[in-house]
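S.K.: So the chains spell out like this:
Protein chains: 2
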Amino acid sequence: MGRERVVPVLALALCVVLALAALPLAQAYDGIVEKKVYEVPAYTTVGGKTIKNLRVGYETYGKLNAAGDNAVLICHYFSANSHAACRYPGDERRGYWDSIIGAGKPIDTDKYFVLSVDSLANVNTRDPHTITTGPASIDPDTGKPYGMRFPVVTIRDFVNVQKAVADALGVKRFHAVGGASMGALQAIEWSVAYPDLVGRVLAVIGVGLETSPYAIATMDLWSAPIRLDAKWNNGDYYGKDEPIDGLAAAVKMALLQSRSPAWAQKQFARKWAAQDKDPLASFDNQYAVQAWLDEQSRSRAKLYDANAWLYLAKAVQLWHAGQQPSPEAAVRRIKARTILIPVKSDVLTFPEFSRTALEQLMSQRRPVDFFEIDDDGGHVDGIASIGKAADTIRLFLED
Amino acid sequence: MGRERVVPVLALALCVVLALAALPLAQAYDGIVEKKVYEVPAYTTVGGKTIKNLRVGYETYGKLNAAGDNAVLICHYFSANSHAACRYPGDERRGYWDSIIGAGKPIDTDKYFVLSVDSLANVNTRDPHTITTGPASIDPDTGKPYGMRFPVVTIRDFVNVQKAVADALGVKRFHAVGGASMGALQAIEWSVAYPDLVGRVLAVIGVGLETSPYAIATMDLWSAPIRLDAKWNNGDYYGKDEPIDGLAAAVKMALLQSRSPAWAQKQFARKWAAQDKDPLASFDNQYAVQAWLDEQSRSRAKLYDANAWLYLAKAVQLWHAGQQPSPEAAVRRIKARTILIPVKSDVLTFPEFSRTALEQLMSQRRPVDFFEIDDDGGHVDGIASIGKAADTIRLFLED
Chain C
73 MGRERVVPVL
83 ALALCVVLAL
93 AALPLAQAYD
103 GIVEKKVYEV
113 PAYTTVGGKT
123 IKNLRVGYET
133 YGKLNAAGDN
143 AVLICHYFSA
153 NSHAACRYPG
163 DERRGYWDSI
173 IGAGKPIDTD
183 KYFVLSVDSL
193 ANVNTRDPHT
203 ITTGPASIDP
213 DTGKPYGMRF
223 PVVTIRDFVN
233 VQKAVADALG
243 VKRFHAVGGA
253 SMGALQAIEW
263 SVAYPDLVGR
273 VLAVIGVGLE
283 TSPYAIATMD
293 LWSAPIRLDA
303 KWNNGDYYGK
313 DEPIDGLAAA
323 VKMALLQSRS
333 PAWAQKQFAR
343 KWAAQDKDPL
353 ASFDNQYAVQ
363 AWLDEQSRSR
373 AKLYDANAWL
383 YLAKAVQLWH
393 AGQQPSPEAA
403 VRRIKARTIL
413 IPVKSDVLTF
423 PEFSRTALEQ
433 LMSQRRPVDF
443 FEIDDDGGHV
453 DGIASIGKAA
463 DTIRLFLED
Chain V
73 MGRERVVPVL
83 ALALCVVLAL
93 AALPLAQAYD
103 GIVEKKVYEV
113 PAYTTVGGKT
123 IKNLRVGYET
133 YGKLNAAGDN
143 AVLICHYFSA
153 NSHAACRYPG
163 DERRGYWDSI
173 IGAGKPIDTD
183 KYFVLSVDSL
193 ANVNTRDPHT
203 ITTGPASIDP
213 DTGKPYGMRF
223 PVVTIRDFVN
233 VQKAVADALG
243 VKRFHAVGGA
253 SMGALQAIEW
263 SVAYPDLVGR
273 VLAVIGVGLE
283 TSPYAIATMD
293 LWSAPIRLDA
303 KWNNGDYYGK
313 DEPIDGLAAA
323 VKMALLQSRS
333 PAWAQKQFAR
343 KWAAQDKDPL
353 ASFDNQYAVQ
363 AWLDEQSRSR
373 AKLYDANAWL
383 YLAKAVQLWH
393 AGQQPSPEAA
403 VRRIKARTIL
413 IPVKSDVLTF
423 PEFSRTALEQ
433 LMSQRRPVDF
443 FEIDDDGGHV
453 DGIASIGKAA
463 DTIRLFLED
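Order-wise, the sequence lines are chains C and V. FYI, the numbering for the first sequence is 73 to 471, going by the working numbering. FYI, the numbering for the second sequence is 73 to 471, going by the working numbering.
If you're looking for bench data, these hints aren't it; they were derived computationally from the structure. A quick note: this is a predicted structure, and the numbers were derived from the prediction, not measured. Each hint should be verified, as a subset may be incorrect.
In this list, chains with the same sequence are indistinguishable; a pair is considered to hold if it fits within one copy or across any two.
Straight-line alpha carbon distances no greater than 25 Å define the calculated DSS-like cross-link-like pairs of lysine-lysine that follow [claimed, not checked]:
| # | residue 1 | residue 2 |
| --- | --- | --- |
| 1 | K244 | K407 |
| 2 | K338 | K312 |
| 3 | K349 | K177 |
| 4 | K121 | K349 |
| 5 | K416 | K338 |
| 6 | K216 | K124 |
| 7 | K107 | K416 |
| 8 | K107 | K338 |
| 9 | K235 | K107 |
| 10 | K338 | K460 |
| 11 | K107 | K312 |
With the hints as extra help, turn the sequences into a complete structure.
M.R.: Right under this line is the structure:
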C-alpha cells in the first residue's frame with residue numbers, strides 16, 4: 073500500500089520537473105526572433121540571367137540537430153515575408169502561422185528546426201523586416217534600381233535560394249516543407265525539384281501541381297491596374313511619384329478574392345460607409361465594404377512595391393511543378409508524403425485545385441492525405457483558421 | 073388487317089399536315105425582328121432627378137392578346153441589350169436566349185407576347201441595335217454629353233421605363249417577368265414593386281433578393297480600372313481619346329469571372345499564346361488564356377461606353393428588392409410565383425445567393441421553385457446552357 077502510493081507521487085514529481093524544464097525553454101523560445109541575412113555574390117536564375125549581390129532575409133525557430141535532418145521549411149504566401157512565427161523585439165504582433173509553429177505546437181520547435189526565407193522580389197520593400205532582392209533593388213551594374221529590367225524569377229528560383237540558405241545552415245534534409253498559397257507552390261516544387269531532400273509536403277490552400285489557366289488569368293487581372301496607372305511608367309518610378317492608385321486597385325482585388333461572400337455578409341451586410349451619405353445620392357458615397365477595401369488596400373500599397381507585385385504574379389503564372397512537361401511527370405519524381413489542405417469556401421485557389429492534385433498523386437500511388445478546412449471566410453482561412461487543421465498537421469508530421 | 077394499317081397511315085398524314093401547318097408560322101415568326109423606339113419627354117428617377125427626352129429601344133416577339141395579359145417581359149443582363157431572340161434583317165446572329173424564346177419553345181411566342189427593353193445607361197452605345205439614354209447621351213440643357221452628370225439610375229428605374237413601354241403597348245399584366253443576371257434583379261424588382269402586375273418571376277443566375285456586400289465589392293473592382301485610366305478624365309472624354317485601356321481591363325474581369333476554372337482548363341490549359349514565345353522569356357510573352365482575354369475585352373470595349381459601365385455597376389450595387397428595408401419586407405410584398413435558376417459552377421453570382429433567396433421566400437410560404445443548371449462553364453451558362461432548364465421553364469410558365 074505504502075509502495076503503491078509512492079509510484080504516482082514520484083511520477084507526478086517527475087512530470088513537474090519535466091514541465092518546469094520544458095517551460096522556460098518554450099517561453100524563452102516563443103518570445104523573440106530576429107531577421108538574419110543571407111547573401112549570394114552571383115545567382116543564376118532558371119531563365120539564365122545573373123543576379124549579383126543577392127540578399128534575402130530569413131528567420132529560424134528551434135535548433136538544428138547534429139544530423140541536420142530535423143528541419144522544417146516554411147515558405148510564405150504572396151504578400152507575406154519570412155515572419156512565420158514568434159515576434160520581433162518590441163513588437164507584439166506574431167508571425168502569420170504562430171498558432172501552429174512553436175514549442176509544443178504542431179510544428180513543434182522543441183523537435184524541429186524551422187526555417188523561413190524572404191522571397192526574391194518580395195512585395196514588402198518598405199517593411200523594415202523584409203530583406204529581398206527584386207526590381208526595387210539597385211542593379212550593381214548601373215547603380216540604379218532594376219525596375220522591369222530585373223530578371224524574371226520563378227517559384228524554382230525561390231526554392232533554389234532557400235536551398236542555398238539551408239545548405240549554409242547545415243541542413244541535410246527537410247523533415248517537411250510547407251506553406252500556404254504561393255508557399256504551397258514552393259513546397260510542392262521542392263518535392264519535385266529535390267525529391268531526396270524532402271520527407272513531407274504540407275500544401276495549404278495551394279493550386280495543385282500547376283497554376284491553372286484560370287489562375288494565370290487571375291494573376292493577369294491583378295497586374296492590369298498597375299500597368300494602367302500612368303505613374304507606373306513601365307516600371308521606372310523609383311524616386312518619383314509612385315503608382316499607388318494602380319497598386320491599391322491590384323491589392324483590393326487580392327483582398328476581396330482572398331475572402332468570401334459569407335465573410336462580407338457578416339462584416340458589412342449592406343451598411344453604408346457613412347450614415348448620412350446614401351450611396352444613391354452620389355458616386356462618391358460608398359457602402360461600408362467599399363470603404364474598408366479602399367482603406368486596407370491603400371495602407372498595404374504603401375508598404376509594397378508595384379513592380380515586385382508584377383514579378384510575383386508572373387512567378388505564379390509560370391509555375392508548373394518542377395518545370396516538368398506534365399503534372400503526371402512531376403508526380404513521378406515525388407518521393408515525399410504530401411498533405412493537401414484546401415479551404416472549403418476558398419474562391420481564389422478553389423478546393424477543386426487541391427482535389428485534382430489529390431487524384432493525380434493517388435493515380436500514381438503516392439502517399440497523400442487530404443484535409444479540407446471547413447470554414448466560410450475564404451482563402452485567408454488557410455492562415456486565420458489553420459488551427460482547425462492543427463491536430464491533422466501534428467499527426468502528419470509525426471507519422 | 074386492312075383497317076389496322078389505315079390508322080397509322082392516317083395518323084402519319086395528320087402529323088404531316090400539323091407539321092406543315094406549324095412550320096410556316098414558326099419560321100415566319102422566328103425569322104426577323106426590328107428594334108423599335110420608345111420616348112418619354114421627361115422621366116423622374118428614383119433619386120429624384122429628371123431625364124429629358126429619354127429614349128430606349130425595345131423588341132417584341134409574338135402577339136398581345138385582347139386582354140393584354142399574355143405578355144412576358146425579358147430583362148437583359150449587364151452587357152446585353154433587348155435583343156433576346158430572333159435575328160435582325162441581314163444578320164444571322166440570334167438573340168441571346170433564342171434557344172428558349174420562339175414558336176413552340178419554352179417561352180412560346182405562339183402563346184405569349186414577349187417584350188424586351190434596352191436598359192438606361194446601356195453599355196453598348198456603339199452598337200447600332202442598342203437605343204439607350206445614358207452618360208454618353210446629349211444633355212438637352214447643355215447640348216453636351218452628360219458624362220458623370222447623368223443622374224444615378226437604379227434597377228427600379230429600368231423597371232419603371234419598362235412599365236412605361238408596356239403601358240403604351242397595352243399590356244395589362246405580365247404572365248411572367250424573367251431575366252438572367254442583372255435581368256434577374258429586374259424580374260424580382262418587378263414582383264416587389266408591382267406585385268399585382270406579375271404572375272411569375274424567372275430569376276436566372278441572379279443575386280437573390282439584394283446585391284450582397286461581396287457583389288457590391290466586385291462591382292467596385294469592375295469600376296476601378298476605368299477610373300485609373302487618365303483618359304477617363306472624370307467621365308469627360310467624349311470626342312477625345314477614350315479610356316479604352318481601362319474599360320478593356322474592366323471588361324476582362326467581367327469576362328473571366330463570368331466563366332470558370334473548368335472552362336479555362338478545357339479551352340486553354342497552359343498553352344502559350346505563341347509557340348515561339350515562352351512566357352518565361354519576357355513579360356510580353358503570354359499564355360493563350362491571357363491573349364484571348366486581351367482580344368475579347370478590347371473588341372468588346374470598342375462597342376461599350378466606359379461611363380455607362382460605371383452606371384450599371386452602380387445600379388447593381390444599389391439594388392435591394394423594392395427598396396425595402398430588408399429582404400423579409402420585400403418578400404412580404406411578392407405575389408408572384410418565383411423560380412430561381414442558378415448555375416452550379418457560377419463564381420460571380422454564386423448558387424448560394426439563389427439558395428438564400430429560396431430560404432427567404434420559403435420562410436414566408438411564397439410559391440418558389442429552384443433548379444440548378446449542372447454545368448461547368450460558370451455564370452455564362454445561364455445563357456449558354458439555359459437549354460438544360462428548358463423543360464423546367466416550360467412547365468413553370470404553363471403551370
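S.K.: Each hint needs a verdict: does it hold in this structure or not?
M.R.: Each hint tested on the structure:
no.: 1; hint: K244 / K407; verdict: within (16 Å within a copy, 72 Å between copies)
no.: 2; hint: K338 / K312; verdict: neither (40 Å within a copy, 44 Å between copies)
no.: 3; hint: K349 / K177; verdict: neither (48 Å within a copy, 47 Å between copies)
no.: 4; hint: K121 / K349; verdict: between (54 Å within a copy, 17 Å between copies)
no.: 5; hint: K416 / K338; verdict: both (17 Å within a copy, 23 Å between copies)
no.: 6; hint: K216 / K124; verdict: within (13 Å within a copy, 58 Å between copies)
no.: 7; hint: K107 / K416; verdict: neither (34 Å within a copy, 47 Å between copies)
no.: 8; hint: K107 / K338; verdict: neither (37 Å within a copy, 45 Å between copies)
no.: 9; hint: K235 / K107; verdict: within (18 Å within a copy, 67 Å between copies)
no.: 10; hint: K338 / K460; verdict: within (20 Å within a copy, 34 Å between copies)
no.: 11; hint: K107 / K312; verdict: neither (29 Å within a copy, 53 Å between copies)
Violated hints, listed in ascending order, are 2, 3, 7, 8 and 11; each of the other numbered hints is respected by the structure.
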